[in-house]
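Work out the full structure: start from the sequences and follow the hints.
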Amino acid sequence: MADKQHTPQRGGIWDMFKRSSSRYSMGGLLLTGIAAGVIFWGGFNTAMEATNKEGFCISCHEMRDYVYEEYKDTVHYSNRTGVRATCPDCHVPKEWTYKMMRKIQASNELWHKALGSINTAEKFEAKRLQLARNVWRTMKKTDSRECRNCHNFESMDYTEQGRRAVVQHEKGLAGDKTCIDCHKGVAHSLPAMYEEDPSAAIGQ
Amino acid sequence: MMKKKLYIGVGALAGLLLLAPQVMAQSDVVTSLRGHTAPNEDSRVPMTRRWQRDRDPIERDYVQQPPLIPHSTKGYRINIKFNKCLTCHSWSNYKEAGATKISQTHFSDRDENVLANIAPRRYFCNQCHVPQMDAKPLVENTFEPVRSLKAHH
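Protein sequence lines correspond, in order, to chains A and B. For the first sequence, counting from 1, position 52 maps to 52 in this note's numbering; every step adds exactly one. With the second sequence counted from 1, adding 1000 to any position gets you this note's numbering.
Since the hints were made in silico from the structure, they are not lab data. Not one of these hints is a red herring.
Away from chain A, derived, C-beta distances all over 12 Å, residues of chain B:
#1 R1034
#2 G1035
#3 P1039
#4 D1042
#5 D1134
#6 P1137
#7 V1146
Some chain A residues near chain B, calculated using beta-carbon distances under 8 Å:
#8 V75
#9 R163
#10 R164
#11 A201
Subject to a maximum C-alpha distance of 27 Å in a straight line, what follows is the list of computed DSSO-like cross-link-like pairs (lysine-lysine):
#12 A:K99 to A:K72
#13 A:K72 to B:K1081
#14 B:K1101 to A:K184
Every value quoted in this text rests on a predicted model; they were computed, and no experiment measured them. Where a beta carbon is used, it is the ideal one built from N, C-alpha and C, also for glycine.
Right, dumping it as structure tokens:
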């Protein structure tokens, strides 16, 4: 029984965790652990931030040639104040937990990149309504959280808005409306909208 | 002898080429699209105009005038997939948007058949309905609406 403690080779990985160290000092282990933690955590965050940049988004032609080109024609790209919202500002949540969830979801996008699901303009156009609906659904569910990082009802000066905008925004604030309910297609071309609103498109 | 004639000929031609622009400039001034800006100067950038902001509906000046658009339509798209104007002005949307609904006449094709949705020939709103800019009229206009269309004062 007693010589069990003197056979360090025994046991699996779980035993290694339970066993006390006989060689290294407590302080040394602690400092090494902290240093390794900082490096790994920092590295992880750096890598994640790198995937959170516009340059990363448009490193695939699917994004660069279709949606990015459309966005360049909109107010979120170029406007009188010179403030620009880039891809991750609208499409990746700011809070860590939601950001991680979104990043895990993005693995599905990698899978479809490998499949080539939208690797031509025609394929992309055929899927545009489905893809747009995914984004609309998410934004509806989160009460347009990413819009509100910049556009906040509380920070809005209604007197500076157009007379139609005032009425609509007050109605929206009082009701259960969220940004995306009205502001669809502000940064990208809309899909064929006949299914969404038959009165606002020519359909077949 | 031949050489001398050639020299005179070339000289005369060169003189003509040098003098011709001045002579032409004196006789009549030709204005190019650049205006009077010299080719080595930057052309004057035309003043940028702004679309008029939101305002009340604009009165019509004659019967059957397509109503003018009393707001900016910047960024509005009209294509086969989607018509931005109709998201507020269609019959299903005008009430919620507080907008003017499109006229009933817009549902008929050219043979007067009434369709279920807006007729394709009426689909391109900005073919007749136009937003306004802060531009002054280029020429004087003394047009007066008929009395029946004038606002009562």
